Amino acid sequence: MRFVYSETQLRHRPPTFLVRGRPQPSPEKPERATALLDALKRRGCAVEAPPDLGAGPRAAVHSADYLRFLKTAYERWSALPDAAEVIIPNVHRSTDMAEYPTGIVGQAGWHMADTACPIGEGTWEAVCAGADTAAHAAQLVARGEVPAAYALCRPPGHHASRDMAGGFCYLNNAAVAAQAMLPILAGQGRAPRVAILDVDVHHGNGTQAIFYERDDVLFASIHGDPNNFYPWFAGYAHERGKGRGLGCNLNIPLPVGGTTEAMFLDAVGQAMAYVRAWGPEALVLSLGFDTYAGDPLAAFQVTTPGFATLGAAIAAGGWPTVLVQEGGYDCAALTANLTSFLEGFSAA
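Following the numbering used here, the numbering of the sequence shown begins with 34 at its first residue and continues without gaps.
Just so you know, these hints were derived from the structure itself, not from any lab. Computed from a predicted model, the values in this text were never measured in an experiment. One or more hints might be untrue.
Unchecked claim - Derived pair list, reagent style EDC-like, types lysine to aspartate or glutamate, alpha-carbon separation capped at 16 Å:
1. Lys74 x Glu64
2. Lys275 x Asp248
3. Lys62 x Glu40
4. Lys275 x Glu246
5. Lys74 x Glu294
6. Lys104 x Asp196
7. Lys74 x Glu40
8. Lys104 x Glu154
Said to hold, decoys possible - Per label pair, the in silico range of CB-to-CB distance:
9. Met130 x Ala345: 44 to 50 Å
10. Ala224 x Thr67: 36 to 42 Å
11. Gly54 x Val138: 18 to 24 Å
Built from N, CA and C at the ideal position, the CB exists for glycine as well.
Turn these sequences into a full structure, and let the hints steer you where they fit.
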């Protein structure tokens, strides 16, 4: 296995997010990445930095308007009188709002789904490095250089849609990884079919939206029931895809607060069976550790040893696999949880 990480991702430092209307310190902090990196160092893993892959990988997934906004937003925002240190919109677009504004305040509301994704001075550089991390890991696997690679991406990405940030996420790293693999597989004469399995405690609504009408990427997600959990408006079991993508989307929502480790792992088995029946050439795993019983945002009761079982289950699929880091906010437990997952994956 190869391990990919860029220190540039540490430049993103969001100060707060809202919890029931109250500002709280953001749990999506640079220490998450350093805790995960510590797990790799303790295992003696050689960690490589990704090359600068340019705009291509992110432009293949996200709209030009959105990427232009992310790149220029902080400078434009900072030029406003009395502007806050980070961009947090005070208005959001809705279904009856269809005009794209030219001003930075309006564009912030257009491109940011909630208040959990503030944009600061180093955000653009950090999220580009995260996308490069995911794309480079995906290329290594798709080219057959290694059977698996771990992309230590931070901030996470699975809530970011084609043109909107949300839930700590700006660029969709898992989508970037899957998209990067498709032309390489096709060039090898293989079917360009990639499955994304999301085991973060939150539904990957951005990933679902990006691929919802496509039949070359399967999206399967196990997550807290959105009736009572973020992202609220997507992740329901009846969402199966649309048009050519019908049947290429699988959601398995589980009870918030009542999901045991056994229930979670059983759902993983169901999702893996669905993926196997679909027949991908490769797998992208959106790997979240916020299913951990002690996670401040968690709704599930997965233990540290349970992540070894999860790793073994994913490896048993036998596909070339890209592991893309998503959530997990108990920094004190992240090192042990990633170590456990990798041990289970490697043993299998």
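Comparing the hints with the structure gives:
Proximity of Lys74 to Glu64 is assessed by CA-CA distance (about 15 Å); at most 16 Å being required, the pair is judged to hold. A distance of roughly 9 Å separates the Cα atoms of Lys275 and Asp248; the hinted pair therefore holds under the 16 Å criterion. Our distance criterion of 16 Å between C-alpha atoms is met by Lys62 and Glu40, whose separation comes to about 13 Å. For the hint linking Lys275 to Glu246, the alpha-carbon distance of about 5 Å falls within 16 Å, and the restraint holds.
Proximity of Lys74 to Glu294 is assessed by CA-CA distance (about 28 Å); at most 16 Å being required, the pair is judged violated. Of the pairs offered as hints, the one joining Lys104 and Asp196 holds, with about 13 Å between alpha carbons and a cut-off of 16 Å not exceeded. Under the criterion of a C-alpha separation no larger than 16 Å, the hint pairing Lys74 with Glu40 is consistent with the structure, at around 14 Å. Restraint check for Lys104 and Glu154: the C-alpha separation of about 10 Å stays at or below 16 Å, so the hint holds.
A hinted range of 44 to 50 Å for the beta carbons of Met130 and Ala345 is consistent with their spacing of about 47 Å. Judged by the Cβ atoms, the range 36 to 42 Å given for Ala224 and Thr67 holds: they are separated by roughly 39 Å. Distance hint check: the CB atoms of Gly54 and Val138 are about 21 Å apart, consistent with the given range 18 to 24 Å.
Of the hints listed earlier, the one the structure fails to meet is number 5.
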